[in-house]
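Chemist: Model the full assembly from the supplied sequences, consistent with the hints where possible.
Reminder that position 37 of the sequence shown reads as 94 in this note's numbering, one-by-one numbering, no gaps.
The set of hints was computed from the structure by calculation and includes no laboratory data. Given the structure is predicted, the values throughout are model-derived calculations rather than measurements. Hints are not guaranteed to be accurate.
[Unchecked claim] What follows is a list of derived Cβ distance ranges for each label pair:
(1) Asp155 x Thr98: 34 to 42 Å
(2) Glu63 x Val134: 13 to 21 Å
(3) Glu63 x Arg93: 19 to 27 Å
(4) Ser127 x Leu67: 31 to 39 Å
(5) Ser142 x Glu100: 29 to 37 Å
(6) Val59 x Phe150: 46 to 54 Å
(7) Glu107 x Asn153: 19 to 27 Å
(8) Glu131 x Arg93: 40 to 48 Å
(9) Asp155 x Leu67: 16 to 24 Å
(10) Arg145 x Thr60: 36 to 44 Å
(11) Trp62 x Lys120: 39 to 47 Å
(12) Phe92 x Leu67: 28 to 36 Å
(13) Asn159 x Thr98: 33 to 41 Å
(14) Phe85 x Asn159: 41 to 49 Å
[To be verified] Within a straight-line C-alpha distance of at most 20 Å, the following computed EDC-like cross-link-like pairs (lysine to aspartate or glutamate) qualify:
(15) Lys165 x Glu100
(16) Lys165 x Glu107
(17) Lys120 x Asp166
(18) Lys74 x Glu110
(19) Lys165 x Glu131
(20) Lys74 x Glu107
Ideal placement from N, C-alpha and C gives every residue a C-beta, glycine not left out.
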Amino acid sequence: MVTNWEPWSLCSATCGKGIRMRSRVYVFPIKAQMFRCHRQTIERQFCNAEISECRDSDAFNSKCSVSGWSPWTECSVTCGYGTRSRSRIFKEFDSNNDTCPNVELIRKDICIG
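Modeler: Shown next, in the form of structure tokens:
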């Protein structure tokens with residue numbers, strides 16, 4: 058027996074597509090483990106941020122220039138659906154999301170482990 062689903066999390070992205078999640082737990086986790094229950098307790102889905110497209114126009118401003126993308130991380134799970142991410146950084150030390158709000162620094166994706 059599991060609880061009801063918690064509300065969906067906020068979308069992981071501020072622009073473009075992201076991921077949102079919700080979870081639930083076993084009411085009696087020890088019994089669930091004893092009987093090897095495999096009910097889904099985490100659900101993930103793509104979501105659209107309030108700003109539908111990420112504008113990289115700020116990236117052309119030298120103060121907002123960024124590095125290339127890092128390699129994708131490993132999938133967050135070894136079985137089922139998980140998440141992976143990659144990132145990049147501003148080349149200028151004093152640049153940040155306040156001065157360059159439309160530059161995407163972290164990208165997340167759903168993966169299968």
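Chemist: Work down the list of hints and note, for each, if the structure agrees.
Modeler: Tested hints:
Separation of Asp155 from Thr98 is about 37 Å and conforms to the stated range, judged on CB atoms against 34 to 42 Å. Restraint check, Glu63 to Val134: a C-beta distance of roughly 18 Å satisfies the suggested window 13 to 21 Å. For Glu63 paired with Arg93, a C-beta distance near 24 Å keeps the hint of 19 to 27 Å intact. Evaluation of the 31 to 39 Å hint for Ser127 and Leu67 yields a failure: the beta carbon distance comes to about 24 Å.
Ser142 and Glu100 have their C-beta atoms about 19 Å apart, which leaves the hinted 29 to 37 Å range violated. Between Val59 and Phe150 the CB atoms are about 48 Å apart, so this pair conforms to the stated range of 46 to 54 Å. Checked against the hint of 19 to 27 Å, the pair Glu107 and Asn153 passes, with Cβ atoms roughly 21 Å apart. At roughly 26 Å, the beta carbons of Glu131 and Arg93 sit outside the given window of 40 to 48 Å.
Taking the beta carbon of each, Asp155 and Leu67 are about 20 Å apart, inside 16 to 24 Å as hinted. About 38 Å separates the C-beta atoms of Arg145 and Thr60, a value consistent with the hinted range of 36 to 44 Å. Evaluation of the 39 to 47 Å hint for Trp62 and Lys120 yields a pass: the beta carbon distance comes to about 43 Å. At about 34 Å, the beta-carbon gap between Phe92 and Leu67 stays in the expected band of 28 to 36 Å.
For the pair Asn159 and Thr98, the beta carbons lie near 36 Å from each other, so the given range of 33 to 41 Å is met. For Phe85 and Asn159, the hinted distance range of 41 to 49 Å is satisfied, since their beta carbons lie about 48 Å from each other. Our distance criterion of 20 Å between C-alpha atoms is met by Lys165 and Glu100, whose separation comes to about 16 Å. Restraint check for Lys165 and Glu107: the C-alpha separation of about 16 Å stays at or below 20 Å, so the hint holds.
Restraint check: the Cα-Cα separation between Lys120 and Asp166 comes to about 28 Å, which exceeds 20 Å; the hinted pair is violated. For the hint pairing Lys74 with Glu110, the CA-to-CA distance comes to about 8 Å; that is within 20 Å, so the pair holds. At roughly 12 Å between alpha-carbon atoms, Lys165 and Glu131 fall within 20 Å of each other, so this suggested pair holds. The suggested pairing of Lys74 with Glu107 holds, with an alpha-carbon distance near 9 Å, which does not exceed 20 Å.
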